[in-house]
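Q: Read top to bottom, the protein sequences are chains B and A.
For the first sequence, my numbering assigns the number 733 to the initial residue and increments by one for each residue that follows.
For the second sequence, my numbering assigns the number 178 to the initial residue and increments by one for each residue that follows.
Think of the hints as simulated: they come from the structure by calculation, not from any bench.
In this text the structure is predicted, and so the values were computed from the model without any measurement.
Hints are not guaranteed to be accurate.
[Unchecked claim] One-sided excerpt, in silico: chain A residues whose CB lies under 7 Å from chain B:
no.: 1; residue: Phe211
no.: 2; residue: Leu281
no.: 3; residue: Arg285
The beta carbon of each residue, even a glycine, is placed where N, CA and C say it ideally should be.
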Amino acid sequence: DVKVTQSSRYLVKRTGEKVFLECVQDMDHENMFWYRQDPGLGLRLIYFSYDVKMKEKGDIPEGYSVSREKKERFSLILESASTNQTSMYLCASSFEGSEQYFGPGTRLTVT
Amino acid sequence: AQSVTQLGSHVSVSEGALVLLRCNYSSSVPPYLFWYVQYPYQGLQLLLKYTTGATLVKGINGFEAEFKKSETSFHLTKPSAHMSDAAEYFCAVSEDRGSTLGRLYFGRGTQLTVWP
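Isolated chain A (complex conformation):
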């Protein structure tokens, strides 16, 4: 089974500052990688995903993430935080590459607070 570690259960930044949310996974074989966002009282929404190809992946709302195989990491960044980015963010990895069962393993989440 995979394991996913999100460093920091809470991250606070000022509006306009860089956002960096960290995610490390356990697999030695590169899985598929995902970041999801959850706004209050809602379900999870896909921000971006990495399956193959370019290791820098761009997502919605100005977020991007870089897959680094050597570091088994998939950190999420945004150059300039906005108040509307305040939410909980989840990193997830697939069971294994190409599995059709679709099981994902989730980190425990990082709550992002944006100060004005």
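This is chain B alone, in the form it adopts within the complex:
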């Protein structure tokens, strides 16, 4: 059974804190993705990676960075969290151009 796991289901951080969201997949997928999901806006792509140490900006990369040191792990970093980054964050992985498999999501609240 394919599995994408995210380090936390719920997270509360203060404005200005550095925040790390971790994602791990066990399917040996090349591609990994970070999205944020907000009501009425659907899923918006923040960053994606198609290989170790490779990254590409998505549609809303501002205020975020990513790290992929190992194939199975893709981290999203909020350098200085702000209240407008309160959201649901979803990680996904895929093999080449096929369907994406999603983790359960991390609901981040920045106060």
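With chain B held as given, fit chain A onto it using these hints.
A: Chain A alone, transformed into the frame defined by chain B:
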């Protein structure tokens, strides 16, 4: 870049009624097409996908979708709604056919409510 339009952010049906969720995409070259479902407080789960071959695609939980190239549509249907179908549904299309980068473009989602 692709764009995906889901007509109707909210759809309500009675239990046992037909479910029809609409999706149109922008590409003139048929991409790969997907429908995902999201239950409350969970991630997205693949319902079905179209890549090539038969244009009527069957998925899990009794859902199916038909790819219509002339209409650039991929509408999702289920003949008889069940209470457990209440969820948010997302249509997605690939970057382009055969791309290995795997980027998908998502619609804004349709919230399905099923009344008893």
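Q: Taking the hints in turn, state whether each one holds.
A: Hint check:
no., hint, verdict
1, Phe211, "6 Å, holds"
2, Leu281, "6 Å, holds"
3, Arg285, "4 Å, holds"
Taken one by one, the earlier hints all hold for this structure without exception.
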